[in-house]
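Residue numbers (the working numbering), protein chains in the order written: chain A, 1 to 176; chain B, 177 to 324; chain C, 325 to 522.
A portion of the hints provided could be inaccurate.
Below, simulated DSS-like cross-link-like pairs (lysine-lysine); rule was C-alpha separation at most 27 angstroms, straight line [unchecked claim]: (1) C/Lys500 <-> A/Lys161; (2) C/Lys397 <-> C/Lys500; (3) B/Lys324 <-> B/Lys267; (4) C/Lys500 <-> A/Lys152; (5) B/Lys320 <-> B/Lys267; (6) B/Lys324 <-> A/Lys152; (7) B/Lys320 <-> A/Lys152; (8) B/Lys320 <-> C/Lys500; (9) A/Lys152 <-> B/Lys267.
To be clear about the criterion: a stretch of chain A counts as covered by chain C if any three or more of its residues have a C-beta under 8 angstroms from a C-beta of chain C, and this derived list gives those stretches [unchecked claim]: (10) 21 to 35; (11) 73 to 86.
No wet-lab data here; the hints were simulated from the structure.
Treat the numbers as computed from the prediction; the structure is a model and nothing was measured.
No residue lacks a Cβ here, since even glycine has one placed at the ideal position from N, Cα and C.
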Amino acid sequence: MMSCTDVAGLLEPFVDSELTPATLLDVARHAGHCRSCEAQVADLLGVREALVTGSERAVAGLDLSGVWPHVAREMDRVDAQAAWRARSEGRRVSRRLVVWGSVAAIAAGAMLMMRGPFLTTGPVAGDGAPAAPTRVAKRLPNSVYIDRLAGKDIALRREPKSGTTMIWVHHEVQNR
Amino acid sequence: MLTTALVAVLAAPAIAQAAPSDTTLRIEVTAVRAADSGPSDPSLVALRPRLRRLVGYRAFQVVNQEARDCDWRSEAHFSLPGGRRLQLLPKSLDDDVVRMQVRLLEGRHRLVDTNIRVMSGATMMFGVGRDARVGDEALIILLKPEAK
Amino acid sequence: MSRQTDQHAVSPGDGELVLRARQGDRQAFRELVERYQRKVAALAVGMLRNREDALDVVQDTFTKAYQSLDRFKGDSSFYTWVYRIAVNLCIDHQRREARYVPLGVDADEANDETVPVTSDDLERNEPFEHARSQEIGARLANAIEELTPDHRAVILLREVDGLSYEEISQVLECPKGTVMSRLHYARRQLQARLRGLR
């Protein structure tokens, strides 16, 4: 039969059901006959009961009905961002193709010119202005670019996690 | 000759800008009263962490909310509590980014005048108040343009 | 007790739901959220001791889980992975709250925030006040408040969520021995506070 000294370090794993069946049985037998160890077990279970009761009451007062709708909205945003990134990547690839294609064409043209004056001119293709370079910067979902800002006693605040920008006006709010 | 060739090969089609007239712009403006204590509006539960991090208040109540379709290059006005209003001039849409001018007015005073670019569906915020530490209330204005 | 045992014979296991969610099945992810949101909420309320902050963390936990679903390797169970996200979010939240300094405030005034406490606030912000009896609840609340986030996490995962030492070590990414020693310390603190009341 185990002694109090043997059992001392095993009482917590005992209440946590972390012991092997054989050891569990030995500890249980000892605790059944030892008031001191039995009291310690009761103490440990008392703490557990208090925590569980407190937690149950706390969670009972929580309205979790809004969790899924919120998560679903965030999932939409995540999916939309991923689609936007994929689109931007696609455009970047096609622009790269245009640029490299142009470079190849110039090189080919240069080679032809070096061979002789065979290049003929024709009407300028299209009248489009060169494509404005698009910054495919990694944008946070609520990024805002401020091109111009005027006002008195104002400050800019940015929330790093979402990129949300706030223009704060230091001004007393009048009563409604 | 070479110049012509260069122009010919380098000329790339311009980015097709989404013609604003082809897209509807819906703008939602929400006025929120921020305070140090009290209940929070359930509809703001998603924004609450962000608002707390930005302004430090703990309780947020929707005071007024208005959403409507707005014309491009036309002024739109949204009323706000305390005799204030938001004056908007949506200018263009480029790659899902809405360009607009925004003025926050209090009576005849212009509190803010700004030109911004916001992603469609994103929320831009304006705040009017002193600090959360002083314990006063604040007015938060949520501006959300959405191009469809 | 095995958490992988389905409560209903026909309910799919977590593994199957994760696989389906990865393939775009929203309903599968919804089922995972609804399966574990209460458990995550219990953990968050215990860690943060504020219902509204806990609700924020519950929402953020599952949002982050969705964003990282492709990175979930399956070497731990889904719920220990979700708990890990939740614990980290709670710890981040606590660090942020400690650091928040409103704009325009002098640095040495930054910690001087007082929020008027009404009985409504107590109900909302001090959930452990109502455990069994008010006095036990109050002492327990104080004792938990004094634990570090690491000790708080261990005692809550063990006592409230019923995780094994092995599962807790996976959630907190620390050795089992560390889990046991933190648990021992946390229990001693709580026992000392509750002594004489029962």
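Here is what the structure says about each hint:
1. Annotation: proposed proximity of C/Lys500 to A/Lys161 is violated, straight-line Cα distance about 33 angstroms (limit 27 angstroms).
2. The suggested pairing of C/Lys397 with C/Lys500 holds, with an alpha-carbon distance near 21 angstroms, which does not exceed 27 angstroms.
3. Restraint check for B/Lys324 and B/Lys267: satisfied, since their Cα atoms lie roughly 15 angstroms apart, inside the 27 angstroms limit.
4. Between C/Lys500 and A/Lys152 the alpha-carbon distance is near 58 angstroms, which puts this suggested pair outside the 27 angstroms criterion.
5. For the hint linking B/Lys320 to B/Lys267, the alpha-carbon distance of about 15 angstroms falls within 27 angstroms, and the restraint holds.
6. The hinted pair formed by B/Lys324 and A/Lys152 fails the criterion: a straight-line CA distance of about 35 angstroms is larger than 27 angstroms.
7. At roughly 24 angstroms between alpha-carbon atoms, B/Lys320 and A/Lys152 fall within 27 angstroms of each other, so this suggested pair holds.
8. Proximity of B/Lys320 to C/Lys500 is assessed by CA-CA distance (about 49 angstroms); at most 27 angstroms being required, the pair is judged violated.
9. Straight-line distance between C-alpha atoms of A/Lys152 and B/Lys267 comes to about 25 angstroms, which keeps the hinted pair within the 27 angstroms bound.
10. Residues of the region 21 to 35 of chain A lying with their CB closer than 8 angstroms to a CB of chain C number 0, which falls below the three-residue condition for coverage.
11. Counting residues of the region 73 to 86 of chain A whose C-beta sits closer than 8 angstroms to any C-beta of chain C gives 3, which meets the bar of three, so the coverage hint holds.
In this structure, the hints that do not hold are numbers 1, 4, 6, 8, 10, in rising order.
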